[in-house]
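**Student:** These are the residues of each chain, in order.
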Amino acid sequence: MSAAISIRGLRVVRGGHEVLHGVDLEVEAGAVTGLLGPSGSGKTTLIRSVVGVQIVSDGEVSVLGLPAGRRELRSRIGYMTQEPAVYGDLTVLENLRYFGRILGVGASRVEEVVDLVQLGPEHDQVVASLSGGQRARVSLGTAILNSPDLLVLDEPTVGLDPVLRRALWDFFHELAVGGTTLLVSSHVMDEASRCDHLVLVRDGSILATETPDELRSRTGAADLDEAFLRLIDRRRP
Amino acid sequence: MTGATAARVLQQLRRDPRTIALLIVVPCFLIFITDQLFADEPQVFQQIGVPLLGLFPLISMFLVTSITMLRERTSGTLERLLAMPVAKLDILFGYGIAFAAVAVVQATIVSLVGFGLLDLTVVNPKVLVIALAVANAILGMALGLLVSAFARTEFQAVQFMPAFILPQILLCGLLVPRDQMAEWLQVVSALLPMTYAYDALSRAATDSPLGARFWFDVIVVTGVTLLALALGAATLRRRTP
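Taken in sequence, the protein lines are chains X and H. No gaps in the numbering here: position 2 of the first sequence is 2 in the numbering used here, and each next residue is one more. No gaps in the numbering here: position 9 of the second sequence is 9 in the numbering used here, and each next residue is one more.
No lab work stands behind these hints, which were simulated from the structure alone. Accuracy of the hints is not assured; some may be wrong.
Stated by the list, open to error - Only some residues are given here: those of chain H computed to face chain X with a beta carbon under 8 Å: (1) 1; (2) 8; (3) 11; (4) 81; (5) 239; (6) 240.
As the structure is a prediction and not an experimental result, all values here were calculated from the model. C-beta: ideal position from N, C-alpha, C; glycine also.
The shape of chain H in the complex, shown without the other chains (with noise of 0.2 Å):
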């Protein structure tokens, strides 16, 4: 039933052939200006250009899944789903693997466009910024998931955006490094996934061989995760008022 919930979102989202255009049109296109603003400061470019290849798809995941998961609500798709005998984990684990399958292609074709064509480099195999990238894919799914429940209409969702996932890039790092931030900010910083998830993309990017801080910001990443996954998962209700 997982499959057959995975192989469902793939094709509704195969029938919206803009939608996967801007998904991997539109990353292409910012890595390129990032590029280009700092044209006069390669050095820059790549310190931020891999995180951001990593960032794209915890974005672009977090939007559609939040969207995709308010309409299945909203259409009484859900309510009828969950009066049949399915369980509640194969919906999540059905989104998971349909999401993650789009995210490996969104990565790999960002990530084609920064090492190829922008000259990014990483000193660890590329195929790590890839492997990130989709675990921020899934990440940004299960927070977009979670989201959806508090969120009445399209409109609501879309706000979301701004609420919960700029703050996130304004203080995760990228931007002013964060020993650089108020010590407040720090700490709202470090409360915050998008942190880990570009901490770990930096040092992989840099850091030879990989140490424990990487393999940390990895179990945060993957922990935060779960935890969004499980409460997305309480936010499934068989009986509603």
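Okay, chain X solo, but in the shape it has when bound (with noise of 0.2 Å):
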């Protein structure tokens, strides 16, 4: 398997707490792998660490062959933060035409993401009077603009109806299909069975990396929470 991600030995402090305690993990490419773990658990940072916005103090992370936070990634990778970081008082369009031209991405792409997202009758509104699962699509609108490399979201279904987070689901799988990383955090485990592999975190360090069948079966659990929940069991000394 060839890693898109590949991290050693990562701490991070914040606020004065260690909230991840020396991580390793391999991300393979072209496939979608879910970061899976209770809110609180390091998911975010673990991200960001990747996105390379946040300050680490120990470990290596490489992305896409390159140390995290290099310039040349700036392009490569797409971001969807956990807040829609997209502006309230413009419009759908306006949005994705400005992040467009930072990412020097023509109109007619602009207009392909739209429909992608599924947002062509919201285009002309303001993205403060939308719902917070339109917001949600502008953001990762925004995030797939440049046809990154690299896709890294953050908890992108959270409030979303069943249909719209199957049909996301869906096009996740379509864009590893063509050859994109993703890599998705998500504290919902219902959602795990989607994922091609798996990362369970839990409060800071890893609890196990493997694909869902492999821990259902490893765990003898039906259901990918109850797996989750053994597994917790067994760490316990």
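Using the hints, build the complex out of the two chains.
**Tutor:** Laid out in structure tokens, this is it:
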């Protein structure tokens, strides 16, 4: 397996507390890797370290063969934050056009992305007037504008209705088939089954890295929620 | 990319017509009040009216920039932008160009009121006052950008106005000539950028030809603007804790 992301001994201290305790991780290229764990487990910090916006205290993070945060990576990574980081006082189209100009993306790609995230009917609406799920899709649209090699999504499906969630997961897999590497975080275990690979995070450490099937068969649990619980129980002294 | 950012900032402002109205109407109203306040002493109004025209943009742009920039920081859009292939100067200059454009409009309209309706006079071309007003607007923007890094909430950012701007209004020479201040206040006054902005405006109104002191004022205002922009750029961190 070729790794798009390779992390060695990553330690991060935030607000005087160590939130990642020496994480080692490899993320396969051209696949959907799910980063799962309860909120507060360090998922966002791990994601921010990969994107290169997190100050890390120790360890190495290599992304697409380069140290995370390198200038050359900025045009190759798409990053969607947990809170939709878009301008509430601009319309959907204005937001995407602005970020498109920053990324050097043409007007036709902007139109294409509006359709991809299914915001055609809302393209002229001010983002602040949209629902939470629609705002999240504007943010997702921004992240995929420049067809990045690596797409890092922090809880992209929170608060979305099941139909839309399924559509988005299908879309993520389409991107992966096209060669994009996706790292997607979620705190909902039933999304885990939609990932090619799972990374289970708890209290700033990695509990397991495997496929959903491996996890189920290893723990003997029928659903992934139960599998996660069994893993935690086994770890207890 | 500078152009894209400037256009985006103006687009955002356009969505907020009430702010635009306040930016234009409030200074006009204040200059009118000042005129009425000194109805019996027109020479006082002459003395402080012109500097006021040029100082409004400094104050409004300081406020507008510190809040807008704080919003960029707290909404995550700044982090997103800085994770993209954009130079920090593109963002700063984008803001600079957008707010300078607003300042041109603001200063022109307030000047029309001051010169046209309230009979303010200047010995130099009136456009010089507008040019100084725009320079002051950019100074206000640069200062606002810098202090926005030290505010966590909009409440705090708004408090920087009385904390940072009000002392400068009191000490710049507008209310009491600097040479009549206590010595230690003169020293403080000499350290504040608005002192030089005020002095340049007041000399633009009365001195012909403009002396060395005027150009010294202009150099100080420009220098402080560049310094604040450089420090402001340093507060735009690609990596945060």
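**Student:** If a hint holds in the structure, say so; if it doesn't, say that too.
**Tutor:** These are the hints, each one checked on the structure:
The criterion of a C-beta within 8 Å of any C-beta in chain X is met by residue 1 (chain H), whose closest approach is roughly 6 Å, and the hint holds. Below 8 Å, beta-carbon pairs count as interface contacts, and residue 8 (chain H) has one with chain X at about 5 Å; its hint therefore holds. Hint status for residue 11 (chain H) relative to chain X: holds, with the closest Cβ pair at about 6 Å, below 8 Å. The beta carbon of residue 81 (chain H) comes within 7 Å of a beta carbon in chain X, closer than 8 Å, and the hint placing it at the interface holds.
Taking 8 Å as the C-beta contact cut-off toward chain X, the hint placing residue 239 (chain H) at the interface holds, the least distance being around 5 Å. Because the smallest distance between the Cβ of residue 240 (chain H) and any Cβ of chain X comes to about 6 Å, under 8 Å, the interface hint for this residue holds.
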